[in-house]
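Engineer: This is what each chain is made of:
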Amino acid sequence: MTLFGVRVPMMASLILWCVLWEIVGRLDLIFLVPPFTAVLAAAWELVNTGTFQRATVTTLWAFFVGMGFAIAVGVPVGLLMGRVPAADRLLGMWVNVFVSAPLSALVPVLMILLGMGETTVVATVFLFAVWIIVLDTRAGVQHVPASLLEMARSYGAGRWRTLTRIVILSALPEILAGIRLGMIRGVKGVVIGQLLISIIGYGELFELYSRNFLMEQFWALTILLFAFAMLVAEGVGMLEKKIEYYAGVRQ
Amino acid sequence: MGAVRRIDAARAGRPGPATADPIVQVRGITKRYGSTEALKDVDVDVPRGKLTTLLGPSGCGKTTLLKIVAGLLDATAGEVLVNGKPISGPGPERAFVFQDFALMPWATVITNVAFGLEMRGVPKAERLETARHCIREVGLAGFEDRYPHELSGGMRQRVGLARALAVSADVLLLDEPFSAVDEQTRRKFQEDLLRLRHQENKTFLFVTHSIEEAVYLSDAIVMLSRRPGRVNRIIEPAIDRSGSPDEIRRDRHYLDTVEEIWHSLRDFVE
Numbered sequence: 001m002t003l004f005g006v007r008v009p010m011m012a013s014l015i016l017w018c019v020l021w022e023i024v025g026r027l028d029l030i031f032l033v034p035p036f037t038a039v040l041a042a043a044w045e046l047v048n049t050g051t052f053q054r055a056t057v058t059t060l061w062a063f064f065v066g067m068g069f070a071i072a073v074g075v076p077v078g079l080l081m082g083r084v085p086a087a088d089r090l091l092g093m094w095v096n097v098f099v100s101a102p103l104s105a106l107v108p109v110l111m112i113l114l115g116m117g118e119t120t121v122v123a124t125v126f127l128f129a130v131w132i133i134v135l136d137t138r139a140g141v142q143h144v145p146a147s148l149l150e151m152a153r154s155y156g157a158g159r160w161r162t163l164t165r166i167v168i169l170s171a172l173p174e175i176l177a178g179i180r181l182g183m184i185r186g187v188k189g190v191v192i193g194q195l196l197i198s199i200i201g202y203g204e205l206f207e208l209y210s211r212n213f214l215m216e217q218f219w220a221l222t223i224l225l226f227a228f229a230m231l232v233a234e235g236v237g238m239l240e241k242k243i244e245y246y247a248g249v250r251q
Numbered sequence: 252m253g254a255v256r257r258i259d260a261a262r263a264g265r266p267g268p269a270t271a272d273p274i275v276q277v278r279g280i281t282k283r284y285g286s287t288e289a290l291k292d293v294d295v296d297v298p299r300g301k302l303t304t305l306l307g308p309s310g311c312g313k314t315t316l317l318k319i320v321a322g323l324l325d326a327t328a329g330e331v332l333v334n335g336k337p338i339s340g341p342g343p344e345r346a347f348v349f350q351d352f353a354l355m356p357w358a359t360v361i362t363n364v365a366f367g368l369e370m371r372g373v374p375k376a377e378r379l380e381t382a383r384h385c386i387r388e389v390g391l392a393g394f395e396d397r398y399p400h401e402l403s404g405g406m407r408q409r410v411g412l413a414r415a416l417a418v419s420a421d422v423l424l425l426d427e428p429f430s431a432v433d434e435q436t437r438r439k440f441q442e443d444l445l446r447l448r449h450q451e452n453k454t455f456l457f458v459t460h461s462i463e464e465a466v467y468l469s470d471a472i473v474m475l476s477r478r479p480g481r482v483n484r485i486i487e488p489a490i491d492r493s494g495s496p497d498e499i500r501r502d503r504h505y506l507d508t509v510e511e512i513w514h515s516l517r518d519f520v521e
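Protein sequences appear in the order of chains A and B. 1 is the number of the first residue of the first sequence in this note's numbering; add one for each residue after it. 252 is the number of the first residue of the second sequence in this note's numbering; add one for each residue after it.
Misleading hints may appear alongside valid ones.
[To be verified] If you anchor each label on the Cβ, the simulated ranges turn out as follows: (1) B/Ala358 to A/Ala87: 36 to 46 angstroms; (2) B/Ser309 to A/Asn96: 36 to 46 angstroms; (3) A/Asn96 to B/Asp396: 51 to 61 angstroms; (4) B/Gly335 to A/Arg159: 26 to 36 angstroms; (5) B/Asp443 to A/Arg159: 33 to 43 angstroms; (6) B/Ala358 to A/Ala12: 36 to 46 angstroms; (7) B/Gly300 to A/Arg159: 33 to 43 angstroms; (8) A/Leu16 to B/Ala392: 52 to 62 angstroms; (9) B/Glu401 to A/Leu16: 40 to 50 angstroms; (10) A/Gly68 to B/Ala358: 23 to 33 angstroms; (11) A/Arg89 to B/His504: 55 to 65 angstroms; (12) A/Gly68 to B/Arg446: 50 to 60 angstroms; (13) A/Leu106 to B/Glu401: 22 to 32 angstroms.
[What the hints assert, rightly or not] Where chain A lies over chain B, by a calculated footprint (3+ residues, C-beta under 8 angstroms): (14) 286-297; (15) 353-364; (16) 367-373.
Worth flagging that the hints you see were computed from the coordinates, not collected in a lab. Cβ atoms here follow ideal geometry from the backbone N, Cα and C, with glycine treated the same way.
If we strip away everything but chain A, and leave its shape as in the complex, we get:
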């Protein structure tokens, strides 16, 4: 971006917003907005507390286990739907309903089914992430060039090797895009799950801070979570870029 002929670095706008936040905070207009520097200080204090570290371990565990299940289920289901029209007709409607449904509403049901524990949080992450992975995988499979499938057939590849050597590799860009979007949704899932249960991990901390109007800590935790979500998405995004040339040469 250039401004008045001067090249402005990428993150410059972020600094502008931080300064604005600082000013509003210093003006002491509303207690909800403490100065940004105070939030940063609180964040530093926060990451050094045992409570936060334990909550982080709990949250990461729930997130990665839930994501693991979402990928382990979502990719095969997407492959199945992409390859088998009957499966697509059978499952397509439900996947499309769930991918746009307000899934938070289901968390209380999960609580009844699975109890007020980490299992529910894991299930929430799974439920938030799995649908988009299914849909993107399916789209990837459907975009596998027909001639590549014919090529595999004419050179004697059976169903299984066509799947492992052609379909999955060809659909990899879409599968990874699905996983990246799934992870972003998964972060939402882990936070919403914990908030609704409110006795686990970050949910407990959020509950504690907001109930006691500890706004500095509250914002600090929020920023840390945002940063985590961005980091996760960026990580998968980098992996996607590495194999981006796939998409460029597919017709």
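On the provided structure of chain A, position chain B as indicated by the hints.
Structural biologist: Then chain B, alone, in the frame of chain A:
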């Protein structure tokens, strides 16, 4: 007049050329897509060790016929015999070269070329050796570890050709292999194909819509009529190919054959 032509076509198409040793025999192939008839009662003999071309206007079903011979499509009626045996799908004695190359973009040139051998369970060292040899054969030595997106269109099609050569099939089926490359590359490629045909003792079945290309390359040209495609006539251009490419392209007989085919095809275009 239309009726006369139809009778003429039927008479010309029926028996096919008297070939002593056909490697591929197409017998009464009919292909219907719903109510459209793409091919109707096609008989073709492909002589062993020769280059036979399927030539015809767009939509005459020449690619469909090639894919039926490849076993990639099922015919509505009729059968295809390869080495005297009816086929029921793709087989190791046939290799296909695709119009859009059909290379795996995530794999290097050598992995692409070795794909067919890998599917046949050839051990890694052996198949890489064969692949390397075929890559040299098509003039791509030094590009073994490149990826398809790093190559030009012409080079990509050479990879496709090397892949077909690697499985040492008896019959190479080429579906408009040069239609996606530029004119210079196309000519160079045609010359290489002629050279390859003399080196390797293989049968080529070639689909094209270019008359010049067909006459330049072929021992026999099977002309298909417009939809529903059927064999209109078979031409065997007896062109002396001992000269240089430019001499061939100026050869009286070459030019006459091109002209003759153009005249008989024009009836279908108009």
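Engineer: Against this structure, judge whether each hint is valid.
Structural biologist: Structure-based check of all given hints:
1. B/Ala358 to A/Ala87: 36 to 46 angstroms: violated, 28 angstroms
2. B/Ser309 to A/Asn96: 36 to 46 angstroms: Because 39 angstroms falls inside the window, the suggested range holds.
3. A/Asn96 to B/Asp396: 51 to 61 angstroms: The hint (51 to 61 angstroms, Cβ to Cβ) is violated, given that A/Asn96 and B/Asp396 are roughly 43 angstroms apart.
4. B/Gly335 to A/Arg159: 26 to 36 angstroms: Holds, at about 29 angstroms.
5. B/Asp443 to A/Arg159: 33 to 43 angstroms: holds, 36 angstroms
6. B/Ala358 to A/Ala12: 36 to 46 angstroms: The hint (36 to 46 angstroms, Cβ to Cβ) holds, given that B/Ala358 and A/Ala12 are roughly 42 angstroms apart.
7. B/Gly300 to A/Arg159: 33 to 43 angstroms: For B/Gly300 and A/Arg159 the Cβ distance comes to about 35 angstroms; the hint holds.
8. A/Leu16 to B/Ala392: 52 to 62 angstroms: At roughly 57 angstroms between Cβ atoms, B/Ala392 and A/Leu16 fall inside 52 to 62 angstroms, so the hint holds.
9. B/Glu401 to A/Leu16: 40 to 50 angstroms: holds, 42 angstroms
10. A/Gly68 to B/Ala358: 23 to 33 angstroms: With a Cβ separation near 28 angstroms, A/Gly68 and B/Ala358 satisfy 23 to 33 angstroms, so the hint holds.
11. A/Arg89 to B/His504: 55 to 65 angstroms: Since A/Arg89 and B/His504 have Cβ atoms about 59 angstroms apart, the given range 55 to 65 angstroms holds.
12. A/Gly68 to B/Arg446: 50 to 60 angstroms: For A/Gly68 and B/Arg446 the Cβ distance comes to about 55 angstroms; the hint holds.
13. A/Leu106 to B/Glu401: 22 to 32 angstroms: violated, 48 angstroms
14. 286-297: With 0 residues close enough to chain A, the hint is violated.
15. 353-364: holds (count 4)
16. 367-373: Coverage by chain A holds for the stretch 367-373 of chain B (3 residues, Cβ < 8 angstroms).
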